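Protein chains in written order, with numbering that gives the first Met the number 0: chain A, 0 to 120; chain B, 0 to 120; chain C, 0 to 120; chain D, 0 to 120; chain E, 0 to 120; chain F, 0 to 120; chain G, 0 to 120; chain H, 0 to 120; chain I, 0 to 120; chain J, 0 to 120.
Simulated from the structure, these hints should not be mistaken for lab results.
In this text the structure is predicted, and so the values were computed from the model without any measurement.
Hints may contain errors.
Claimed, not checked - Every beta carbon over 12 Å from chain C, so not counted as near; a handful from chain H, in silico:
#1 Ala7
#2 Ser61
#3 Val88
Said to hold, decoys possible - Interface residues of chain J toward chain I, partial, derived using beta-carbon atoms under 8 Å:
#4 Glu30
#5 Lys37
#6 Pro41
#7 Thr45
Stated by the list, open to error - For the chain A half of the interface with chain J, some residues (derived, Cβ under 10 Å), not all of them:
#8 Gly39
#9 Phe43
#10 Arg105
#11 Gly106
#12 Gly107
Glycine is no exception: its CB is placed at the ideal position from the N, C-alpha and C atoms.
Protein chains: 10
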Amino acid sequence: MSASDPSAHLLETFPNPHPKRDYLIEHHVHEFTSLCPKTGQPDFATIVIRSVATERCVELRSLKLYLQSYRNRGIFYEDVTNVILDDLVRCLAPRWMQVQSTWTARGGIHSVITAEHGRRS
Amino acid sequence: MSASDPSAHLLETFPNPHPKRDYLIEHHVHEFTSLCPKTGQPDFATIVIRSVATERCVELRSLKLYLQSYRNRGIFYEDVTNVILDDLVRCLAPRWMQVQSTWTARGGIHSVITAEHGRRS
Amino acid sequence: MSASDPSAHLLETFPNPHPKRDYLIEHHVHEFTSLCPKTGQPDFATIVIRSVATERCVELRSLKLYLQSYRNRGIFYEDVTNVILDDLVRCLAPRWMQVQSTWTARGGIHSVITAEHGRRS
Amino acid sequence: MSASDPSAHLLETFPNPHPKRDYLIEHHVHEFTSLCPKTGQPDFATIVIRSVATERCVELRSLKLYLQSYRNRGIFYEDVTNVILDDLVRCLAPRWMQVQSTWTARGGIHSVITAEHGRRS
Amino acid sequence: MSASDPSAHLLETFPNPHPKRDYLIEHHVHEFTSLCPKTGQPDFATIVIRSVATERCVELRSLKLYLQSYRNRGIFYEDVTNVILDDLVRCLAPRWMQVQSTWTARGGIHSVITAEHGRRS
Amino acid sequence: MSASDPSAHLLETFPNPHPKRDYLIEHHVHEFTSLCPKTGQPDFATIVIRSVATERCVELRSLKLYLQSYRNRGIFYEDVTNVILDDLVRCLAPRWMQVQSTWTARGGIHSVITAEHGRRS
Amino acid sequence: MSASDPSAHLLETFPNPHPKRDYLIEHHVHEFTSLCPKTGQPDFATIVIRSVATERCVELRSLKLYLQSYRNRGIFYEDVTNVILDDLVRCLAPRWMQVQSTWTARGGIHSVITAEHGRRS
Amino acid sequence: MSASDPSAHLLETFPNPHPKRDYLIEHHVHEFTSLCPKTGQPDFATIVIRSVATERCVELRSLKLYLQSYRNRGIFYEDVTNVILDDLVRCLAPRWMQVQSTWTARGGIHSVITAEHGRRS
Amino acid sequence: MSASDPSAHLLETFPNPHPKRDYLIEHHVHEFTSLCPKTGQPDFATIVIRSVATERCVELRSLKLYLQSYRNRGIFYEDVTNVILDDLVRCLAPRWMQVQSTWTARGGIHSVITAEHGRRS
Amino acid sequence: MSASDPSAHLLETFPNPHPKRDYLIEHHVHEFTSLCPKTGQPDFATIVIRSVATERCVELRSLKLYLQSYRNRGIFYEDVTNVILDDLVRCLAPRWMQVQSTWTARGGIHSVITAEHGRRS
């Protein structure tokens, strides 16, 4: 697992109000943007986070602020997808989590990265 | 299971007219609204309730009034989805029930929460 | 199984012209209407009847008249779905039958009820 | 199996040009019409015939003429679907055949009938 | 397998550039036309050819010319589908090949013929 | 495996930032063009590259430049699809990779070529 | 103008809250049903009522009850469309009103009736 | 023009940054809700506000808070549409403004109200 | 007209290659982002620029860099739309230009701003 | 009008077979590609040519070869659109002609250029 991202402290949690039940939580983030680490140009993506929680849930406004912290940082598609997964896993210790990023086209190429932690069932 | 919600007394039931048969009941609630517990701002969702009943069915007008009781209360997405499930389970003792809430976007993020009780087949 | 509905005598049948073959019959009824048993207000639904017959098939005009008999009667969604299934089962003794009713929205809630008799294969 | 329909003699066949290979033949008939046996009113349907042939294939113009022979005859949905299947089975002895008729709405009800002969694989 | 079609000599091949790997080749032919053997009327079809090659691949321009050779010939749907499959199999010796022809409507009837050679996996 | 393409040196890689996790990387290339080796006419394709990496990921701008190197070269559909797969496999040593090319119509025929290396799970 | 319909007394009004401004009011009624005056069979329609008010607006629940009063009455499409217009005009004295009824198909025919009172601009 | 709504003080403005140019401003409000003045039941609408400004523009967060002030107030569709128009006109003195509200169905009826102030061109 | 934006110097032009002909140039910018001047939160928009040039055209990469300069600046929707129009008008002196910005929803409200300079025909 | 493009000699014409009637001719070119004059990177466009001819029509294969001559040339969107129009106008002297080019996105911006010669009616 990667080292913790500096902005990970922005993530806030609240107690899973129903920890005895395995239920599915999906957050669809439509406005993610970061910078290309080679050219400094902006990248844009939709990010979907699916999970089954244990003791903690992520607070949505803190998730938004955490994801906004990438706005002016240069980072590869593959890296940011896994770092988001790692930061959320460290923070929430979910039973299962999947992060999927879909990036707008650059030079006629668009990319999709999908990473998982744990097992869903 | 969570403590009973104060508005749970609003739920009325009628005898399942055909308790010897396992059949599927779906209610799609298009106009749910509650408040964000952190900001007090309104949240909006569609809620789908699927179940196989045992002895009792929920009366629809009472279901509407029960769900309207959340209109001015602050509650997290994850919590309200599970509380609705718990209140209906206590009231109806269904063989199986699923509650799924789909929330309109806030800050460019939209969420879907899905919780179940019992086994469908 | 519920007691026979008074209008069940309206149902007419004709001999299954091909009783030795298991084949699938579907009737989609787009204009069903009945009354709410609590408020007396009209309800509207689409009803789909799927079956594998044994000796008898339902005559379509009689099915239409039978279903029209609910026009001015107060009956719950769950009840009418099962009563239609029971009346048709008593009348036709099908190998398998499914009745599914999809109701237009009331107070922002729309419902779908699905009941079966026997096994399809 | 039903008695042979009087118009079945209209069906012409030609030798399956490739009898050693099991391959799939589908005919979609978009303009079938017959009469209701109770009211004399016209009925309209789409009929799909799927089969794996043995020694003979049906000639398409003869199939069209055969199906047109129902234009002025009163016959139930369930009957005509099975009679077409029986006539084609007698004429072609296919390894497998399915006949599916989809009827336009009458009195707000539309119907679909599906019958098979033999096993596909 | 049918006798070789006179136009089969039009088919040209080139060495499979990667014979050690099983990979999928699909050609979708949108403009096939032949004549009805009974009426002389033009028929139109889309033909899809899927295959896993061994040593040879079909050259596309030669495939186009080969298929154009049917333009003024009377041949049944079932026959031409299988003859194309046979000619290509003789010419290419593929590990697996499927030919599927979808014909435009005639007299309100449209047809689909599907034939295979060998096993895909 | 084919000999290395002269332009393969254009491919640049960066270390897989998360080599301990098997995750899915997809690149969709919407603007590929090469020449027909027989006629010299331009061909156009969409190319999708799916992989699970081991130690290295392909840098996107270098992938774009590598694919642009085919702009003025004559090469068969089947060949270029496999050569791209081979060059990327040699360069990245992925656990699994699939290359799929979908070509615009020529003479009324459009083609799809799909090749894989390794096993996905 | 036709004689007042017996159910017209069901219509209730409230003062136009903004009588000095000409503004457009549209009500779309999705669940209208009446009976055919010749066969007694149910008819189903969507009715759209567009108007520019003067001193009074129609109260929606009373409009619903008024339209439900046609549920068990036999009346022609053309008649009911004009009677609804007449009753609303007598009750509301609008500057302009249009009533448009769109009926579900009977015997493969569906109808649309449109009547107006006054001038819109 | 109606008396000023008590919540109108919530509306904040900022100087039109380009008052010398006539340009079109549209705000689409997807989550408006108020109460029915007769039954106390919640109503839901989408509201579109189109305008050409003079000296002032409405600040969006204040517009949201102003519209949220109707959440627990009973008011007719026709009234709230005109009151919103009046409050915004008093506050902004636009050259032209249109307010259009589209309400979700109640008892199978949905309504659209459209009011304008001034002339667009 | 507003004072020139500091980033306006980023705009580069090239001579209109065909100044004697009035022709239409449209640029659709799918990835615009700036900050809310009140909350500092990111805003996202699609911006369409339509024009008829006189002596100069805007170079696309410079347009991209100019628009990216708003990435970390707080500015109102109405302002940025007009400032972009003003900067482009000063730089290009077009016969006609229209700038239209469509913003993603904030608090359930989405906005569209449309400003023009000159006359199109 | 611009100087004649060197490749304009590739354009061949044939006599308009019906010069006495004004009729519309459209050619949709889906596979145009040229190079960016600043970066040398490939650009891709769809080009639509609409015209009303006088004495000559363009021969399609020559049009294809003419447009392919831009494959390896650096030229601005605005320029190539007008040059194509000029070359075709010089060659065909049409009563009216429109050339419209729609370019795939670069840096999140896609462009459409539309130029006309003469008057259509």
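> Going through the earlier hints one by one, which of them does the structure break, listed in rising order?
Replying inline: 4, 6, 7 and 8
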